[in-house]
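Asks: Residue-level listing of the chains:
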Amino acid sequence: MKAKPTPPPPTRKSQPATRGEIDQAIKTLTHEDTERIEQAALNRIDRIRRAANRRSHEDLIQEALTRILDGTRHWYKDRVSFTKCLIGAIWSIASEWAGHRERNKELPEYAWLESDLSRTDEEGKTVSPFDGLQEPALNAEEELIHVEREAENKALVEKIEAAFAHDEKASILLMGFQDGMDGPTIRAEFGMSEKEFRTTMRRIQRGVRKMMGQHHGR
Amino acid sequence: MAGKSRSHTERLARILDNLGEHIRNGPGDELLETAREEGRDPAEVNARIKGLLRSVFKSYQQKTLADAKQGYQRELASIFEGHFHLPKTADGRRNWFQAVLIQAPQLQPAFTLQNRELSDLSDEDIEAHLKKLAQLGVLNAIRLPEEE
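Chains A and E, in that order, give the protein sequences.
Residues 1 to 218 in the numbering used here are what the first sequence lists, from first letter to last.
Residues 1001 to 1148 in the numbering used here are what the second sequence lists, from first letter to last.
Hints should not be assumed to be uniformly reliable.
[Claimed, not checked] Example chain A residues on the side facing chain E (calculated, C-beta under 10 Å, incomplete):
hint, residue
1, 35
2, 77
3, 91
4, 144
5, 149
6, 152
7, 177
8, 201
[Stated by the list, open to error] Output of the computed footprint for chain E on chain A, the stretches with three or more beta carbons under 8 Å from beta carbons of chain E:
hint, stretch
9, 22-30
10, 41-52
11, 62-76
12, 155-161
13, 180-193
[To be verified] With a straight-line Cα cutoff of 25 Å, these simulated DSS-like cross-link-like pairs (lysine-lysine) come out:
hint, chain 1, residue 1, chain 2, residue 2
14, E, 1131, A, 27
15, A, 84, E, 1058
16, A, 77, E, 1050
17, E, 1050, A, 84
18, A, 159, A, 169
If you're looking for bench data, these hints aren't it; they were derived computationally from the structure.
Backbone N, C-alpha and C define an ideal beta-carbon position, used for all residues, glycine too.
So here's chain A without its partners, still in its complex pose (with noise of 0.2 Å):
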């Protein structure tokens, strides 16, 4: 049998881009690129919510971009294009926030989330939602976040659900998701053309955006 060629091995190792090249893709992004960092940042501002702790998408681009800067991380050009590493780092700090969130809620800078859940009790003292939450069990107040949280999310849901009713594809992709699947799987399950598939994920995107951005105030 024959042997399978084996590439050649690269003749340089990869190195991390240059404050000059980085200074460089920042001049040339077009406007697709820049379309896709800043809808790219919308998303994982609408996605992580209350633990982006007020900082908008436009802290998160600054954000990401100062840590390819000192090197907390690095763009290999030879690789990946300036826009995708941008975006990885984007998602990357989204989700930092988030984790950063759920481990501290009871820092000051989250106080705005205790205001907006405080709540006043029968003897009309101010209850907050964050009392007692350094207990390791899930308490009471934990509970009520938990349980808060799940209840705006369970209107937003219904809301997405409610505006695509007569939008038998939305509905397919939307039921898809919510069921763990991703868009390939949904597509071949449900004999779905990409022109289909593209098309619907714009009408989703259009109203999902236009329903976060109301919720956030927008």
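Could you slot chain E onto chain A? The hints should help.
Replies: Structure of chain E alone, referenced to chain A:
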């Protein structure tokens, strides 16, 4: 697609993650089309996002430069202030300077050949020269006499 029961938080997350993946990997011309349909101007977005990135870049460059300058000044200050205690007396400093010229004779032209002998150098000249030598690290390489 009944599937197992999922929380609404998870359901919403999955919808947004799939939309996010589509933004990451979908065709660029469709992104532009979506933007126009939403009434946004891709040229305005381009100018704003580029402006934002360039301002971050510029601030970062300035901060790096300021940090480097501060580091250099700290280093200079430590050379002048902390690391070398010159002899307290003028004679002691003259002895040190002489030791330098003897052990590193190649430096003599730099200090004494400007039509002057060592004895012509003032105490202030010698102190200034010793500070320079300390700054250049020369004093570290010289066996210096004990101060009397």
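Asks: Against this structure, judge whether each hint is valid.
Replies: Outcome of the hint check:
Residue-level restraint check for residue 35 of chain A holds (minimum Cβ-Cβ distance to chain E is 5 Å; threshold 10 Å). With a cut of 10 Å, the hint placing residue 77 of chain A at the interface with chain E is violated, because the nearest CB-to-CB distance is about 16 Å. The closest approach between the C-beta of residue 91 of chain A and any C-beta of chain E is roughly 7 Å, which is under the 10 Å cut-off, so the hint is satisfied. Below 10 Å, beta-carbon pairs count as interface contacts, and residue 144 of chain A has none with chain E, the closest being about 15 Å; its hint is therefore violated.
Hint status for residue 149 of chain A: holds, given a least beta-carbon distance of 6 Å to chain E, under 10 Å. Because the smallest distance between the Cβ of residue 152 of chain A and any Cβ of chain E comes to about 9 Å, under 10 Å, the interface hint for this residue holds. The beta carbon of residue 177 of chain A is positioned within 10 Å of a beta carbon in chain E (closest approach about 5 Å), and the interface hint is therefore held. Hint status for residue 201 of chain A relative to chain E: holds, with the closest Cβ pair at about 5 Å, below 10 Å.
Counting residues of the stretch 22-30 of chain A whose beta carbon lies closer than 8 Å to any beta carbon of chain E gives 6, which reaches the threshold of three, so the coverage claim holds. Counting residues of the stretch 41-52 of chain A whose beta-carbon sits less than 8 Å from any beta-carbon of chain E gives 4, enough to reach three: the coverage restraint holds. With 5 residues having a beta carbon nearer than 8 Å to a beta carbon of chain E, the stretch 62-76 of chain A meets the requirement of three or more and the stated coverage holds. Only residues whose beta carbon comes within less than 8 Å of a beta carbon in chain E count, and the stretch 155-161 of chain A has 3; three or more means the coverage holds.
A stretch counts as covered by a chain when three or more of its residues have a beta carbon under 8 Å from one of that chain; for the stretch 180-193 of chain A and chain E the count is 4, and the coverage holds. The straight-line distance between the Cα atoms of residue 1131 of chain E and residue 27 of chain A is roughly 47 Å, outside the 25 Å bound, and the hint therefore fails. Pair hint residue 84 of chain A plus residue 1058 of chain E holds up; C-alpha atoms about 22 Å apart against a cutoff of 25 Å. Note on residue 77 of chain A and residue 1050 of chain E: the hinted pairing holds, with a Cα-Cα distance of about 19 Å set against a maximum of 25 Å.
Only pairs whose Cα atoms come within 25 Å are accepted, and residue 1050 of chain E paired with residue 84 of chain A is accepted, the gap being roughly 15 Å. Simply put, residue 159 of chain A and residue 169 of chain A have alpha-carbon atoms about 17 Å apart, close enough for the 25 Å limit, and the pair holds.
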